[in-house]
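Colleague: Below, each chain spelled out in residue letters.
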Amino acid sequence: MAAPLRPASNATFGKKNWIFVPTIAAQAAPTVAEITGASSLDFTNIAFASTGKPDQSTNRVTAERRLGDTIVYEQIGVTNYTGGDMVYQFDPTAAALANGRKGWEKFGAGVSGYLVERMGIAQATTPITGNKVNVYPVTFGPSLPTEAGDGETAETAAKCTYAITGAPSFDVAVV
Amino acid sequence: MPETEAQLDEQGRAVVRVKDKSTGHKYTELVHVVDGNPDAYQVLKQDAVDAAGRRLDPEFATDSPAPSGQKATTEKESN
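Taken in order, these protein sequences are the chains called W and X.
Counted the way my numbering counts, the first sequence spans residues 1 to 175.
Counted the way my numbering counts, the second sequence spans residues 1 to 79.
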């Protein structure tokens, strides 16, 4: 018997992008123009590592027992896609449109759009046709100025909560 | 500065309705974002928010490119 296959690893350290895209016409087929448009924001190096990332939890439930059942089994239940708290750099001393205000001007109450995640490609590489991405439809809550870090590492920041408001699209190609 | 008078969103920020020149989509965007990159947008004479200040939903261009077909790899999964 031949040795079992072992897929090559693709490290994501330094090879991940998170991009906020305000409008995507077809979630399963985001376009290069939409992802790299003027209103999109690559916040990979704006959000702090403490930012909550999209997650998924699926219930495992025990099936309803019948009178004669002496053994019961599990079944898959509800799947819940969850957002999180985004903590991002915000410099209140920065001018409008300056880098220190990019996040503050983009995220906030009532803002809806998509979080696009690209993994396995160097983060400085501009998204192109064929790249595989995950797309999460989201809505943001209000932003609150705060600090990131503590004591000697503290710096100005802001945080806001985001919710995943629809079914995500995974492993879809940019067109 | 946009020709259209700006409206205020839920957070009290000035917004306008724009058409993104690169995608053709229409959506609501912050006034100073548009001012900072005026060549990327066409400001529209349309409402940007509803009566409660909520940003109006985007309108997608109808001539967006069709998704390209994804081809499966010819590599076999097992030897």
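Among the hints, erroneous ones may be present.
Partial chain X-side listing against chain W, Cβ under 8 Å, derived [to be verified]:
| id | residue |
| --- | --- |
| 1 | 9 |
| 2 | 10 |
| 3 | 20 |
| 4 | 23 |
| 5 | 25 |
| 6 | 27 |
| 7 | 29 |
| 8 | 33 |
| 9 | 41 |
| 10 | 44 |
| 11 | 45 |
| 12 | 54 |
| 13 | 60 |
| 14 | 61 |
Think of the hints as simulated: they come from the structure by calculation, not from any bench.
Even glycine gets a Cβ: it sits at the ideal position worked out from N, Cα and C.
Colleague: Please go over all the hints and tell whether each is borne out by the structure.
Modeller: Status of each hint after checking the structure:
1. Restraint check, residue 9(X) versus chain W: the minimum CB separation of about 6 Å is within 8 Å; hint holds.
2. The restraint placing residue 10(X) at the interface with chain W holds, with a minimum CB-CB distance near 4 Å, inside the 8 Å limit.
3. Interface hint status for residue 20(X): upheld, as the beta-carbon distance to the closest one in chain W is roughly 6 Å, under 8 Å.
4. The beta carbon of residue 23(X) is positioned within 8 Å of a beta carbon in chain W (closest approach about 5 Å), and the interface hint is therefore held.
5. Annotation: residue 25(X) was flagged as interfacial toward chain W, and the flag holds, the nearest CB pair being 5 Å apart, inside 8 Å.
6. Annotation: interface hint on residue 27(X) holds; nearest CB of chain W at approximately 5 Å, less than 8 Å.
7. A hinted interface residue such as residue 29(X) counts as satisfied when its beta carbon comes closer than 8 Å to some beta carbon of chain W; here the least separation is about 6 Å, so the hint holds.
8. With 8 Å as the threshold, the beta carbon of residue 33(X) comes within range of chain W, its nearest partner Cβ sitting at about 6 Å, so the hint holds.
9. Annotation: interface hint on residue 41(X) holds; nearest CB of chain W at approximately 7 Å, less than 8 Å.
10. About 14 Å separates the beta-carbon of residue 44(X) from the nearest beta-carbon of chain W, more than 8 Å, and the hint is not met.
11. Interface restraint check for residue 45(X): the shortest CB-CB distance to chain W comes to about 19 Å, outside 8 Å, so the restraint is violated.
12. Because the beta carbon of residue 54(X) sits about 6 Å from the nearest beta carbon in chain W, less than 8 Å, this interface hint is met.
13. The interface hint given for residue 60(X) holds, since its Cβ lies 4 Å from the closest Cβ of chain W, which is under the 8 Å cut-off.
14. The beta carbon of residue 61(X) comes within 7 Å of a beta carbon in chain W, closer than 8 Å, and the hint placing it at the interface holds.
The earlier numbered hints that this structure contradicts are 10 and 11.
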